[in-house]
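Protein chains: 2
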Amino acid sequence: MPPPLRLQDLPPKAARFCLRVERFVRKDLGLDLNGKRLLVALSGGADSTALLYCLRYLAPRMRVDLLAAHVDHGLRPEAGQDAAFCRELCAALGMPLHEAQLDVSGLAKQSGTGIEEAGRQARYDFFQTVLAEQNADLLLTAHHLNDLAEDAIMRLIRGAGWPELAGMPAYDPQRNLLRPLLLTPGTNLREFLTMIGATWREDQSNTDPAFLRNRVRQDILPLFLRENPNFLESMARLWRIAELDRQFFLEFKTKLDIHYEAGRNQFSVPLDALLALHSAMRLRIYKALLDGLAPGQVLWKNLLRLDEAVHARRSGSRVQFPGGKQACLERSVLRFCAVS
Amino acid sequence: MPPPLRLQDLPPKAARFCLRVERFVRKDLGLDLNGKRLLVALSGGADSTALLYCLRYLAPRMRVDLLAAHVDHGLRPEAGQDAAFCRELCAALGMPLHEAQLDVSGLAKQSGTGIEEAGRQARYDFFQTVLAEQNADLLLTAHHLNDLAEDAIMRLIRGAGWPELAGMPAYDPQRNLLRPLLLTPGTNLREFLTMIGATWREDQSNTDPAFLRNRVRQDILPLFLRENPNFLESMARLWRIAELDRQFFLEFKTKLDIHYEAGRNQFSVPLDALLALHSAMRLRIYKALLDGLAPGQVLWKNLLRLDEAVHARRSGSRVQFPGGKQACLERSVLRFCAVS
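Just so you know, the sequences run in chain order Z and F. Its first residue numbered 1, the first sequence is counted upward by one per residue in full-length UniProt numbering. Its first residue numbered 1, the second sequence is counted upward by one per residue in full-length UniProt numbering.
Each hint can be trusted.
Since the list gives no way to pick out one identical chain from another, each pair is judged satisfied if it fits inside one copy or across any two copies.
Calculated pairs, EDC-like style, for lysine to aspartate or glutamate (alpha carbon to alpha carbon, straight line, at most 20 angstroms): (1) Lys109 / Asp72; (2) Lys27 / Glu308; (3) Lys301 / Glu243; (4) Lys301 / Glu227; (5) Lys13 / Glu191.
Hints in this document: simulated from the structure, not taken from any laboratory. This structure is a prediction, so every number in the text was calculated from the model and none was measured.
Given these sequences and hints, build the entire structure.
Quick look at the structure:
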């Protein structure tokens, strides 16, 4: 028997699962999706299949319009079957599917980056194209609480600051990206699929220990869970604290008289107003402005160096950031620009 | 040849090591130790031996008076030799040593806590007694950057919030505790001892995998260091960011009209002033007040629950915290008290 098509026909526990996802988006993220067109990134694995069903059940309540996109990376022998599975699933759920075949090995060789990074980039490029062509508002991905915990551990290892340390955002307006399952444990997704009688495709490519993410998944996260069986819950709480701090830091930014010159893609901030703030706040303002200029990860080492120069009012100082971004300290303003 | 007794007789690299420690205390922590009497916790291991030498070299410059304390836990067969080593070392450096013999196994059985916890408690009790009897100002321990990194990983595992997540403080005025080596990598301490020609006692008791700390030290930290050879540096930076945030959050607390009733050991805060602040700040104020009331670790889960009640102005609400502490929401004030 195929899974039911309406929320009211689900077993109560499965329905509650969906309603919690809706509440997370509406209450925790404060997003009203009414009238939006949502593109679901679908691989056919358990996570994205659960996301697709969940949204399908919520669509009439949330008044959203759904479409899906599937990418065949040309890496796995089962790729054709994965694509066929996605096609049948979308047909059964009555929604359009957009497909792409990518030569990720070729792209990786061309760009000189790793397979994982090349695949991620090509996938997101395709999704952005579909978003634009189909006039959709948001891309939805199935990242869940285990992914979030792995991400936080990776960020700790790589040396992130706060609040980035707590993991990826659930809503990224710059990339039109939404992760509605971010605080849902991975096991709940499989449970949900089993409860509604749905099937999915198993993906073995997530176990290659050549990738840090897989080493964290296989070696570190299980160790942490053994030490603290509530570790995932703790990471969800840490993420919530980080969200509060992120909002709090942003509030201060809006109080400053920040000037943006679109032609030069350049922000300037009055130095006196900056110096009236605490270092803790100044650092977050530098970061927000640099993130807003251009892509390129801002390193805390450089932020701390910049703040030393600001604190000492060393005009003429320049601090470089990845992605061709720089901060220039002048007599009365601090200027952020992207050198292209 | 025994190690030199004066800073100016050290190899330049060893002297620089000491001066960096001095600068950390004076500049980073903003502490002036001039005229203070410092009690060094000495086990005879590499870390505390390095701390003792380092302080001995700095004492004339910093104008501090030094004494040491050693605890024999009665657990290791070599305990007598460790004590003899400490006695000779302190005699050579011309400073008094206070010793205690503790039956930690017996104490652990009596209190029902683990050996590690009972030992830690008994050790600190003895150090506090010596502090009081000898009219000393601060207890100094040899915790270093590897300890800090392990501590941060353990805090992540156990579910700490921010800024506690970044690890133990370098200066804890409530316990008169100072950790001058907190941002110094452990290997630098052994290098320093080797450079000055000093010896130390090896302690094998730090490897028992029954303790989370030792599992983190042996299994997790090496993994993190393999992924990121600069991981220790990253943790020092994270700690600095946390310190800034800690100060920043404290500044807000001082702006509130907080009333303390010593007789009842109770704080009350006007609700309207609290509600004018962002949740991110309110949470830190609750935590600071609860930490100030009595010992007992404040859990973020409870802080978040309390903030929900405050935000909704649910007067009559009570939230319990470990250590007999509680928060009571009244019509116009939030009251924190310790029920003993």
